Amino acid sequence: MTDSLLAFFTVIDNQCGVIVKEAPKFDLDLYIQSYRGRTRFDRLLLIGRSSVPLCVDALKAAVAEAKRGRDPQRYREAVECLRIAAPSEPEASFDKAWLENTETANQNETRRLTAELKGYKNNLIKESIRMGNEDLGKHYESIGDLNAAAEAYSKMRPDVSTSKQIIDVGRHLVSVALQRREWGMITSHLSKMPTGANSDEYEHLQPYIKIVTGLSMLGQERFLEAAMSFLAVDVNISSTNYNEVASPSDVAVYGGLLALATMDRAGLQQKVLEAADFRQFLEHAPHIRRAVAQFVNGRYSACISTLEAYRADYLLDIHLQKHIPKVYAQIRSKCIVQYMIPFSCVSLGTLEAAFSNPAQSIEEELFAMIRSGTLQARINAIDKLVTTVATNPRVKLQSTALATAQSYEKQAIDRLRRMSLAAADLELKGQRKTNTSFSGLGGAGDIIYDEATMV
Amino acid sequence: MDHCASVLLAFPPSSPLTNNDQYHRAAVAHVQRVDKMIKDNAASFNGYANQLLEHVDPAKNSISYIALLHTILVHGNPTPPHDDLLVAITTFLMTFDSRQIRYVGGPFSIVLGAVREGVLFPASVAVELVATALLRLDPTGTMLTSHHIPLVTLAYETDNIEPVLPVIEKTIVFYPGMKGPPETRYPCDMQLPPPAYITPESFLTTRLNVTNVLQYDLFCGMCFIQRRAWRQAFDALERVVSYPTREGGCSKIMENAHNKWLLVGLLLNGKTPTLPATTGQAAQKSYATHGKPYAAIGEAFGQATAETLKTEFESVGSQFWADDGNLALVRLVLTHYQRWQIKKLRDVYTKISLEQMRTRTQSAEATGPLKTEAEFEALVESMISEGMLNGVIERPADGKPAYLTFLSPNEELSEGEFAAKMLSTAQRIRDLGPVVKATNERLATSKDYLRHLVKEQKKDKQGQTDPFTRFEQTVDDEDLMMDVVSGN
Numbered sequence: 001m002t003d004s005l006l007a008f009f010t011v012i013d014n015q016c017g018v019i020v021k022e023a024p025k026f027d028l029d030l031y032i033q034s035y036r037g038r039t040r041f042d043r044l045l046l047i048g049r050s051s052v053p054l055c056v057d058a059l060k061a062a063v064a065e066a067k068r069g070r071d072p073q074r075y076r077e078a079v080e081c082l083r084i085a086a087p088s089e090p091e092a093s094f095d096k097a098w099l100e101n102t103e104t105a106n107q108n109e110t111r112r113l114t115a116e117l118k119g120y121k122n123n124l125i126k127e128s129i130r131m132g133n134e135d136l137g138k139h140y141e142s143i144g145d146l147n148a149a150a151e152a153y154s155k156m157r158p159d160v161s162t163s164k165q166i167i168d169v170g171r172h173l174v175s176v177a178l179q180r181r182e183w184g185m186i187t188s189h190l191s192k193m194p195t196g197a198n199s200d201e202y203e204h205l206q207p208y209i210k211i212v213t214g215l216s217m218l219g220q221e222r223f224l225e226a227a228m229s230f231l232a233v234d235v236n237i238s239s240t241n242y243n244e245v246a247s248p249s250d251v252a253v254y255g256g257l258l259a260l261a262t263m264d265r266a267g268l269q270q271k272v273l274e275a276a277d278f279r280q281f282l283e284h285a286p287h288i289r290r291a292v293a294q295f296v297n298g299r300y301s302a303c304i305s306t307l308e309a310y311r312a313d314y315l316l317d318i319h320l321q322k323h324i325p326k327v328y329a330q331i332r333s334k335c336i337v338q339y340m341i342p343f344s345c346v347s348l349g350t351l352e353a354a355f356s357n358p359a360q361s362i363e364e365e366l367f368a369m370i371r372s373g374t375l376q377a378r379i380n381a382i383d384k385l386v387t388t389v390a391t392n393p394r395v396k397l398q399s400t401a402l403a404t405a406q407s408y409e410k411q412a413i414d415r416l417r418r419m420s421l422a423a424a425d426l427e428l429k430g431q432r433k434t435n436t437s438f439s440g441l442g443g444a445g446d447i448i449y450d451e452a453t454m455v
Numbered sequence: 001m002d003h004c005a006s007v008l009l010a011f012p013p014s015s016p017l018t019n020n021d022q023y024h025r026a027a028v029a030h031v032q033r034v035d036k037m038i039k040d041n042a043a044s045f046n047g048y049a050n051q052l053l054e055h056v057d058p059a060k061n062s063i064s065y066i067a068l069l070h071t072i073l074v075h076g077n078p079t080p081p082h083d084d085l086l087v088a089i090t091t092f093l094m095t096f097d098s099r100q101i102r103y104v105g106g107p108f109s110i111v112l113g114a115v116r117e118g119v120l121f122p123a124s125v126a127v128e129l130v131a132t133a134l135l136r137l138d139p140t141g142t143m144l145t146s147h148h149i150p151l152v153t154l155a156y157e158t159d160n161i162e163p164v165l166p167v168i169e170k171t172i173v174f175y176p177g178m179k180g181p182p183e184t185r186y187p188c189d190m191q192l193p194p195p196a197y198i199t200p201e202s203f204l205t206t207r208l209n210v211t212n213v214l215q216y217d218l219f220c221g222m223c224f225i226q227r228r229a230w231r232q233a234f235d236a237l238e239r240v241v242s243y244p245t246r247e248g249g250c251s252k253i254m255e256n257a258h259n260k261w262l263l264v265g266l267l268l269n270g271k272t273p274t275l276p277a278t279t280g281q282a283a284q285k286s287y288a289t290h291g292k293p294y295a296a297i298g299e300a301f302g303q304a305t306a307e308t309l310k311t312e313f314e315s316v317g318s319q320f321w322a323d324d325g326n327l328a329l330v331r332l333v334l335t336h337y338q339r340w341q342i343k344k345l346r347d348v349y350t351k352i353s354l355e356q357m358r359t360r361t362q363s364a365e366a367t368g369p370l371k372t373e374a375e376f377e378a379l380v381e382s383m384i385s386e387g388m389l390n391g392v393i394e395r396p397a398d399g400k401p402a403y404l405t406f407l408s409p410n411e412e413l414s415e416g417e418f419a420a421k422m423l424s425t426a427q428r429i430r431d432l433g434p435v436v437k438a439t440n441e442r443l444a445t446s447k448d449y450l451r452h453l454v455k456e457q458k459k460d461k462q463g464q465t466d467p468f469t470r471f472e473q474t475v476d477d478e479d480l481m482m483d484v485v486s487g488n
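Those sequence lines, one after another, are chains A and B. Under the UniProt record's numbering, the first residue of the first sequence is numbered 1, with each subsequent residue one higher. Under the UniProt record's numbering, the first residue of the second sequence is numbered 1, with each subsequent residue one higher.
By construction, these hints were calculated from the structure, which means they are not laboratory data. Be aware that a few hints might be false.
[Unchecked claim] Computed list of chain A residues with no C-beta within reach of chain B, every gap over 12 Å:
{"id": "1", "residue": "A377"}
{"id": "2", "residue": "N380"}
{"id": "3", "residue": "N392"}
{"id": "4", "residue": "S399"}
{"id": "5", "residue": "Q406"}
{"id": "6", "residue": "D425"}
[Claimed, not checked] Selected chain B positions facing chain A (in silico; Cβ < 10 Å):
{"id": "7", "residue": "G106"}
{"id": "8", "residue": "F121"}
{"id": "9", "residue": "I429"}
{"id": "10", "residue": "K458"}
{"id": "11", "residue": "K461"}
[Unchecked claim] Below, a list of computed lysine to aspartate or glutamate pairs in the EDC-like style, where the Cα atoms sit at most 20 Å apart:
{"id": "12", "chain 1": "A", "residue 1": "K396", "chain 2": "B", "residue 2": "D347"}
{"id": "13", "chain 1": "B", "residue 1": "K343", "chain 2": "A", "residue 2": "E363"}
{"id": "14", "chain 1": "B", "residue 1": "K351", "chain 2": "A", "residue 2": "E364"}
{"id": "15", "chain 1": "A", "residue 1": "K25", "chain 2": "A", "residue 2": "D13"}
{"id": "16", "chain 1": "A", "residue 1": "K396", "chain 2": "B", "residue 2": "E412"}
{"id": "17", "chain 1": "B", "residue 1": "K344", "chain 2": "A", "residue 2": "E364"}
The structure displayed is predicted, hence computed values, not measured ones. Don't be surprised by glycine CBs; every beta carbon is placed ideally from N, CA and C.
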């Protein structure tokens, strides 16, 4: 690693960014070709900031990408990064002329569009106002002013007249929310889009809606819901309908990984491997299909090593990066749990061999899993055994019955007590009680507690 | 004096009083006669009241006896008390006829008050006497009277908790001054629920205010804490914490109780307790703001390392805990941190070496694992002997390190044991029958409740109500009743 790269990644490390030292298995050019729109820059910049082997290439591509657009802030960001990482590259110096030109052009365009919109408003033609707002929103989005873009887009809503227009508004707003990573907003925007009413229009929209829903669920760490969304994406619609958000291979990876983390074997078999639509997606990511098949066939260690081989790739994905440690940990503990199912007793040595992890001893891992309730087992640290705990339905029934009876008794008493207190007018009221006719209690007066006070 | 003796001995008459009606008339007449006699002979009576005590049987002629005691205590010169008087009071309080006492609430309360003040008896005796007397008056112990609060305060402050236990272990469900139908039955009716005869009008109690009720439960909780009866302490404090409130009420006592409740919950269950659903909204808010250091302790208790707990404890300073009167309790929580850590290991391990346990668990006092294995072994052994830990320490013969085997509790009950447990719970619920009946009677004669009922029935007839809303109303009976009753 050169000194400048080292300096760059020290900065990233200080900002708590993810750093991936291994080279990923994908080719950067091919990878970025599957996308269009603003996500290209975001993805390139993320790879540039995370991957050591691809850093310079990705940042250079990001600079070029930014220059193709009209967003000066993005250009500055990319060049700043490149200046630290590779100062000798020609792209690492600011193109001041381009910056100034773009900024002036942007300002003029903003002024023009705002003036136009004003004119439309004066004329009170709904359709023109809607289009004016849309143009303004698109302009703001392209120059990177996402706040203003969201505002302009949402102003379109009062003037829409056809369901196609409603869908457009929704898509614009979702796109902005996605860039601002407002996962909750995505769901609410999506819920306002008409679904299924107009079947033709809805059909080509289906993958987009499913993918965006999945991403929003993923962002909120609701993995199962996210997996279900990705698995439901319709494969027959061309990817140009959604490639400003994700590529078909992304769909396969997101759906497969998250399903692996959340579903049981039967579910995986049925909803992933045997699903006609999703199988076609899996062709874009054969290793995911392999991992799922290995899991379903009970070859857990193989499944884990397949996934580990692709960890670097997934850590460079804009949406997965943040969740990979958690998703992988979930898959791993699921593997261990599944592995244990047929046995009543497993030796720690066997487990260690099957799931060796240089970072952590298997006992520590089991300890954490049992503590969190993922695994129902007990460790025998002396004889190095792990025994599974069988639930005894009889004991469960008995303790539940006793607990129910006791809580019934407790509640009955509590309710009687409360009724009596109410009847004796002894509820604590918000203001100071006045009926303190009670006096002359020796001892109690000595205590320095206040009377009931207002809070 | 002979005349006086004959008056005093006239009740109960030698021929048995067959029904409540007769008994009531005779008792009321007797009380009046005795009063009149004492008033008429006021000057001379004080002189020979002491002698009269010898002729009157405290268990049989309780009305007369209490009149004599009252006269001596109020009009005589009981200080310094002579032994005969003390014996007389003791015998009386241990043996009186509770049916008769229902007619002489005033003198009875005065005698109890005199005993409690601690001039006549040392505190330990006073507590025991008052506790016994209260339970004789109301064997169910379900009614809170104005004597309860000073009693439990005295017991706690003088550390005489044992004798008061029979009283504070009872479940209180009745309070003086409950609104209800005018009582038509005679006080001497032995079937009466306690609130029917222990009333402010009978002078067996006075009216209470909110502070009194809260204080009683708080002191009960503190007594149980003193005895390390965590379960009972927790329940008592929970009664204060979830005290019914209206219009955003909350009191200092409740906040204070909440802090103790949280600490006791940690000791009892090893985790922060959750507030009962019935806790008032304003109270919950107030607990959250005023109990922050305690909540922080609770949160730190659940963590795997002891550092936070220690920091939370030290950051506010021991003076803070001492000012709240909780220093000893917080220290105990700190001690118990490691114990709970050890106890929780049983959810993960069946066998584990002591050395491993020592490194895995941390002491909140030393902020880290205990230094030596011997120290740790002593801790584990004490836990086993106290019954907190179900396991044995085994030392292999081949010189390998000692380890602990967690014994699996015999969770499964035999059919018989299970049935017995269920039966005892069912019996306890059945025992609530009289209380439910009394509450029901009171409610059934409440004007507002009847008005509400009539309205409901009318609506039903007109078929206006949606079956679901009606269902909701009946299910949510607690709120419904509270509204109705408090609306009186």
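Hints, one by one, checked against the model:
1. For A377 of chain A, the condition that its CB be more than 12 Å from all CB atoms of chain B is violated, with the nearest at approximately 9 Å.
2. The non-interface label for N380 of chain A is inconsistent with chain B: the shortest C-beta to C-beta separation is roughly 5 Å, within 12 Å.
3. Not every C-beta of chain B lies more than 12 Å from that of N392 of chain A, the closest at about 6 Å, which undercuts listing it as non-interface.
4. With a minimum CB-CB distance of about 8 Å to chain B, S399 of chain A fails to clear the 12 Å threshold, and the non-interface call is violated.
5. Against chain B, the non-interface label of Q406 of chain A is violated: not every CB pair exceeds 12 Å, the least being about 6 Å.
6. Residue-level check failed: D425 of chain A sits 7 Å from the nearest beta carbon of chain B, not beyond 12 Å.
7. Hint status for G106 of chain B relative to chain A: violated, with the closest Cβ pair at about 13 Å, above 10 Å.
8. Residue-level restraint check for F121 of chain B is violated (minimum Cβ-Cβ distance to chain A is 14 Å; threshold 10 Å).
9. For I429 of chain B, the interface hint holds, the least distance from its beta-carbon to any beta-carbon of chain A being 5 Å, beneath 10 Å.
10. Interface hint status for K458 of chain B: violated, as the beta-carbon distance to the closest one in chain A is roughly 25 Å, over 10 Å.
11. Nearest Cβ of chain A to the Cβ of K461 of chain B: about 28 Å, over the 10 Å cut. The hint is violated.
12. The straight-line distance between the Cα atoms of K396 of chain A and D347 of chain B is roughly 16 Å, inside the 20 Å bound, and the hint therefore holds.
13. Taking the CA atoms of K343 of chain B and E363 of chain A, the gap is near 19 Å; set against the 20 Å cutoff, the hint holds.
14. Between the alpha carbons of K351 of chain B and E364 of chain A the distance comes to roughly 15 Å, so the proposed pair stays at or under 20 Å and holds.
15. For a cut-off of 20 Å, the pair hint linking K25 of chain A to D13 of chain A is broken: about 23 Å separates their Cα positions.
16. Of the supplied pair hints, the one linking K396 of chain A and E412 of chain B holds, its CA atoms being roughly 9 Å apart against a limit of 20 Å.
17. With a C-alpha separation of about 15 Å, the suggested pairing of K344 of chain B with E364 of chain A holds against the 20 Å cut-off.
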